[in-house]
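Enquirer: Sequence:
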Amino acid sequence: VQRILPQEGDALKTGQVIAELDAAELQARRDQAAAQLAQMEAGPRKEEIEAAKHDWEALVAEMEQARADAKRADELFAQKTVSATEQEQAATRARTLEKNVAAAKSRYDL
24 VQRILPQEGD ALKTGQVIAE LDAAELQARR DQAAAQLAQM EAGPRKEEIE AAKHDWEALV
84 AEMEQARADA KRADELFAQK TVSATEQEQA ATRARTLEKN VAAAKSRYDL
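Position in the sequence shown counted from 1, then plus 23, gives you my numbering.
Hints in this document: simulated from the structure, not taken from any laboratory. Ideal Cβ placement from N, Cα and C applies to all residues, glycine included. Just so you know, not all the hints are guaranteed correct.
[Stated by the list, open to error] Straight-line distance between alpha carbons at most 20 Å, and here's what the computed SDA-like set of lysine to any residue pairs gives:
#, residue 1, residue 2
1, K94, A84
2, K69, A51
3, K94, T108
4, K76, A126
[What the hints assert, rightly or not] Just the calculated beta-carbon pair ranges, DEER-fashion:
#, residue 1, residue 2, range
5, T119, E64, 31 to 41 Å
6, Q62, A126, 20 to 30 Å
7, K76, V40, 46 to 56 Å
8, D132, S106, 31 to 41 Å
9, N123, A47, 40 to 50 Å
10, A81, A61, 52 to 62 Å
11, A91, D54, 30 to 40 Å
Starting from the given sequences, assemble the full structure and let the hints guide the process.
Expert: In structure tokens form, the structure reads like this:
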């Protein structure tokens with residue numbers, strides 16, 4: 024706000040201008056918003072795409088290991104070498120990583 028026009032105690036009328044805004048600040052905000060919009064419309068940057076790809080690939084490797092661990096836990100549970108809790112934890116970890124991989128793939132595909 025650059026200036027407030029009515030004085031304290033003045034009666035106001037409908038449509039009356041009560042303040043003058045600093046146009047320079049508004050223009051700067053508008054320019055900043057336009058720049059952000061242009062950046063969003065341009066799509067993701069190469070670095071963002073590479074980072075998303077790396078995250079996805081790392082999660083795929085982790086998921087494959089978790090699946091192998093879950094399979095091994097099933098075998099050990101059948102032999103009564105591990106508890107049902109340990110077996111379920113391994114299976115849950117594998118399922119969780121499968122969902123994380125799907126989410127990472129979606130981010131990468133954007």
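Enquirer: Need the status of pair K94, T108: alpha-carbon distance at most 20 Å?
Expert: The hint holds at about 14 Å.
Enquirer: Is it true that N123 and A47 lie within 40 to 50 Å of each other by Cβ?
Expert: holds (47 Å)
Enquirer: So does A91 sit 30 to 40 Å from D54, Cβ to Cβ?
Expert: violated (54 Å)
Enquirer: For the pair supplied as a hint, K94 and A84, is the alpha-carbon distance within the 20 Å limit?
Expert: At roughly 16 Å apart (the allowed maximum being 20 Å), A84 and K94 satisfy the hint.
Enquirer: Given a hint of 52 to 62 Å, does the C-beta separation of A81 and A61 actually sit inside it?
Expert: violated (32 Å)
Enquirer: Hinted pair, alpha-carbon criterion (20 Å max): K76, A126. Please report holds or violated.
Expert: holds (12 Å)
Enquirer: For the pair K76 and V40, does the Cβ-Cβ distance stay inside 46 to 56 Å?
Expert: Check passed, 55 Å falls within 46 to 56 Å.
Enquirer: At the C-beta level, are T119 and E64 separated by a distance inside 31 to 41 Å?
Expert: Holds, at about 35 Å.
Enquirer: Please check whether Q62 and A126 have a Cβ separation lying inside 20 to 30 Å.
Expert: holds (24 Å)
Enquirer: Go ahead and decide if the range 31 to 41 Å is satisfied by the Cβ distance of D132 to S106.
Expert: Holds - the Cβ-Cβ distance for D132 and S106, about 39 Å, lies within 31 to 41 Å.
Enquirer: Is the hinted pair K69 and A51 satisfied, with a Cα-Cα distance of at most 20 Å?
Expert: violated (28 Å)
Consistency note: the structure conflicts with the earlier hints numbered 2, 10, 11.
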